[in-house]
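Asker: Each chain is listed here by its residues.
2 protein chains.
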Amino acid sequence: MSRTLHLNAFLMGVGHHEAAWRHPRTDPTRVADVRHFQELARTAERGTLDSVFLADGLAVGPAVRHNIQAVFEPLTLLAALATVTEHVGLIATASTTYNEPFNLARAFASLDHLSGGRAGWNIVTSAQAREAWNFNLDDHPAHADRYRRAAEFVDVAVKLWDSWEDEALVLDAAAGVFADTDRVHPIDHTGDHFRVRGPLNTPRPPQGRPLLVQAGSSADGVAFAGRYAEAVFTAQQTLADAQGFYAALKRATAAAGRDPDGVKVLPGIAPVIGGTEAEARALADELSALIVPEHALAQLSGMTGLDLTGLPLDGPLPDLPDVSAVQSHQSRYQLVVDLARRERLTIRQLITRLGGGRGHRVVAGTPEQIADQIELWFTEGAADGFNVMPPLLPSGLDAFVDHVVPLLRARGLFRHEYTGRTLREHYGLPRPASGYATRELVTA
Amino acid sequence: MSRTLHLNAFLMGVGHHEAAWRHPRTDPTRVADVRHFQELARTAERGTLDSVFLADGLAVGPAVRHNIQAVFEPLTLLAALATVTEHVGLIATASTTYNEPFNLARAFASLDHLSGGRAGWNIVTSAQAREAWNFNLDDHPAHADRYRRAAEFVDVAVKLWDSWEDEALVLDAAAGVFADTDRVHPIDHTGDHFRVRGPLNTPRPPQGRPLLVQAGSSADGVAFAGRYAEAVFTAQQTLADAQGFYAALKRATAAAGRDPDGVKVLPGIAPVIGGTEAEARALADELSALIVPEHALAQLSGMTGLDLTGLPLDGPLPDLPDVSAVQSHQSRYQLVVDLARRERLTIRQLITRLGGGRGHRVVAGTPEQIADQIELWFTEGAADGFNVMPPLLPSGLDAFVDHVVPLLRARGLFRHEYTGRTLREHYGLPRPASGYATRELVTA
Ligand SMILES: Cc1cc2nc3c(=O)[nH]c(=O)nc-3n(C[C@H](O)[C@H](O)[C@H](O)COP(=O)(O)O)c2cc1C
Ligand SMILES: Cc1cc2nc3c(=O)[nH]c(=O)nc-3n(C[C@H](O)[C@H](O)[C@H](O)COP(=O)(O)O)c2cc1C
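Top line first, the protein sequences correspond to chains Y and L. Throughout, this note's numbering is defined as the position within the first sequence, counted from one, plus 28. Throughout, this note's numbering is defined as the position within the second sequence, counted from one, plus 28.
Since the hints were made in silico from the structure, they are not lab data. For glycine and all other residues, C-beta sits at the position ideal for the given N, C-alpha and C. Treat the hints with caution; some may be incorrect.
Unchecked claim - Okay, the calculated bits of chain Y under chain L, using three or more residues with CB under 8 Å as the criterion:
no., segment
1, 98 to 105
2, 119 to 128
3, 229 to 237
4, 280 to 294
Claimed, not checked - To give an idea of the chain L side of the interface with chain Y (calculated C-beta under 8 Å), a few residues:
no., residue
5, 53
6, 64
7, 112
8, 171
9, 175
10, 176
11, 204
12, 219
13, 227
14, 229
15, 284
16, 287
17, 461
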């Protein structure tokens with residue numbers, strides 16, 4: 029294998045389709061059952077997937093009437109998944125806007141220690157005003173400000189992870205020396221957002237630093253990814269758009285002075301799998317029929333910032349404002365506008381298209397057809413791998429692992445077994461040295 | 029059994045004695061091994077203990093040269109223990125001074141969901157200046173200010189846990205109704221320290237609210253415990269002092285309008301167990317001999333706020349300032365001063381006395397002698413149970429569970445098997461109703 033595909037299983041409730049929990053093939057009570065997620069993680073491991081991933085948001089709104097709400101906080105849930113798996117990576121979303129770097133660096137270090145080097149952090153800046161309201165604010169900080177804070181936040185976190193050099197833990201019982209304090213460094217960080225003395229209160233984690241993952245797609249988001257991210261999630265509808273994003277991200281990485289191979293781009297794919305194409309389409313139709321239109325319309329209104337709730341479902345979308353006016357989720361907004369215009373969709377058609385993956389690409393077909401799409405994007409410069417978003421869980425992940433993964437293996441695109449132990453090893457990424465050991469971070 | 033003893037296993041590294049990690053009966057590399065803690069939790073469960081507990085601090089100082097440093101963050105570690113146990117309660121320390129109530133309420137709710145109702149929160153206000161330096165501050169806020177913030181913090185957390193009524197999760201797939209939004213309440217909290225809109229982003233946890241534990245012993249600390257705590261950890265050296273604290277805490281609880289039985293007082297006990305008294309004393313002496321005096325002196329200097337590092341080990345302590353001048357850990361300071369004066373200890377003797385349990389009571393003896401002490405304090409109005417702090421781990425917890433617990437059972441003081449599933453049930457405490465369901469928290 030010259031170049032290996034990377035596959036991440038995005039775990040969400042009982043499936044990514046917004047009506048998944050209403051479908052007879054799911055059991056919605058399992059959203060509160062840790063064993064459900066443990067089984068999913070084991071399935072991902074059976075498929076030698078690189079990682080599992082949990083999204084997160086810090087607020088709940090009226091949409092919870094119709095929409096499944098996550099029960100578990102990602103870091104605690106992943107700690108519980110770590111104990112029943114051995115290889116699969118564990119990526120948790122956490123916000124730089126509503127946490128303190130010391131606490132978060134420390135929790136991720138703990139997960140990395142617990143799991144033997146399998147922790148990853150999906151760095152988000154929290155785009156909803158509703159989240160701000162839970163953290164003493166009237167509105168969320170502006171987009172650019174959130175990214176500025178995020179950059180300083182990650183700088184601090186990296187210094188904290190590096191603050192114990194790898195050799196600092198001495199454990200010399202005879203001499204009574206637990207740690208070599210010459211190798212445990214205060215970080216003395218002073219910046220616009222944070223003052224943090226350090227060192228971190230835990231030895232350096234097995235991976236040195238957890239894997240840094242990111243999913244911002246705006247100009248600020250791509251610049252941030254170029255500087256920090258080692259894996260990037262993205263929603264892309266067409267091959268051409270995905271190629272454009274892929275190239276832009278690799279350019280941004282090079283522009284930041286990093287090796288473009290050091291960042292893996294993983295577009296989302298929601299595979300609706302059937303034994304025949306007709307079976308797959310039938311499942312997709314069943315799911316579409318379970319969408320609650322008022323709910324979907326409210327979601328779309330939130331996403332576009334326009335009140336669409338009065339409009340006829342079978343009419344066209346009204347004119348939408350320019351993306352620059354959108355403070356929250358600019359790239360997803362652009363994607364929705366482009367999709368609606370390109371395919372001249374009615375409101376009902378748009379709702380149906382978004383229901384399967386909230387803007388991520390939905391591919392309904394046989395395992396071969398899905399493997400073909402994966403191979404096409406992978407070989408045509410659109411992806412280093414995929415963020416797999418099964419419409420139904422667990423059945424959709426089982427189908428992917430049992431029927432699509434073997435095809436990818438047979439084509440020489442994907443590993444037959446794990447060759448490494450850590451998440452960084454799965455993604456083919458190096459273990460960074462401590463900036464204090466290399467003297468890069470030593471100032472005086 | 030009319031009145032049942034409650035037992036908590038305080039898990040700390042490879043033992044509570046400050047030199048535990050140097051003793052041949054421990055393996056210090058296990059401080060970074062999650063299986064070590066999983067085995068300890070299983071041992072606690074074998075002994076039908078009420079709970080295990082993890083302390084926490086948000087900084088590391090130069091003492092890490094000689095002193096073991098925890099590797100894991102408590103909430104993530106307890107999530108990993110939840111998956112290998114069924115009954116034992118899981119109590120994590122977390123600071124109200126350096127967290128946001130939304131994040132912390134949510135993480136504890138997640139642990140409670142993960143564990144089927146076994147989460148407890150040891151509420152601390154973080155007394156070290158070194159902790160403040162990691163959170164944008166030059167010094168820690170004053171003692172009274174920290175407790176004021178703690179009170180508002182817990183008020184907010186309670187509202188958040190209550191924000192989903194128990195019946196709010198509907199999961200009506202046919203009707204497409206996930207949650208009954210009439211039973212999911214914004215909390216609209218506005219106070220001196222926090223503005224939090226709510227509701228929490230997770231359904232009500234199995235226990236309604238995690239068990240609230242506290243360990244402050246100052247006047248402010250006792251008043252806080254009287255108002256909020258359901259279990260209280262405390263360091264007490266003598267029966268008389270413990271009786272005084274017990275009575276004061278029950279009075280404070282009654283004064284806050286609560287049932288004094290609704291709070292369980294658990295003094296610490298560090299049991300040094302031997303087949304004979306001589307064996308126990310020999311083990312205690314072995315551990316004393318492993319103390320690094322310079323390190324112990326530095327710790328004592330930190331605790332007293334006086335620089336003792338120059339003084340002769342076999343001389344007396346100098347005069348110590350009055351407790352009111354101490355901003356950080358007033359009660360422990362008082363305990364140390366009283367102990368040194370009462371027994372006219374030299375500095376070396378004091379260091380040896382503190383090495384076994386950092387001020388907690390050390391009892392060296394046979395299982396019978398230890399059971400006698402437990403029974404005495406329990407029946408004489410000094411304790412509702414104990415915070416068990418084995419000097420060596422795992423061996424000290426094994427000895428306690430295998431040799432002391434059976435005696436306590438035979439004497440009718442302790443359960444033979446678990447009768448409940450949740451941590452609240454183990455402690456004989458009711459499951460609180462949501463203040464929104466009872467309309468207590470509904471304002472308009
Ligand atoms: C696959 C994927 C997963 C995401 N998960 C989260 C998440 O869990 N929480 C969150 O706040 N944002 C999440 N986002 C949103 C991004 O972090 C980011 O805020 C969004 O793409 C807008 O980026 P922009 O502001 O740079 O346009 C996700 C995005 C993608 C593509
Ligand atoms: C058994 C026990 C465990 C404690 N654990 C912690 C801890 O993990 N973290 C912490 O900051 N303080 C801890 N404390 C300290 C108390 O929370 C509290 O700060 C201290 O007793 C001082 O209280 P006061 O300020 O009311 O005197 C502990 C105290 C006891 C007795």
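Asker: For each hint given before, does the structure comply? Return the numbers of the non-compliant ones in rising order.
Answerer: 4, 5, 6, 8, 9, 10, 12, 15, 16, 17
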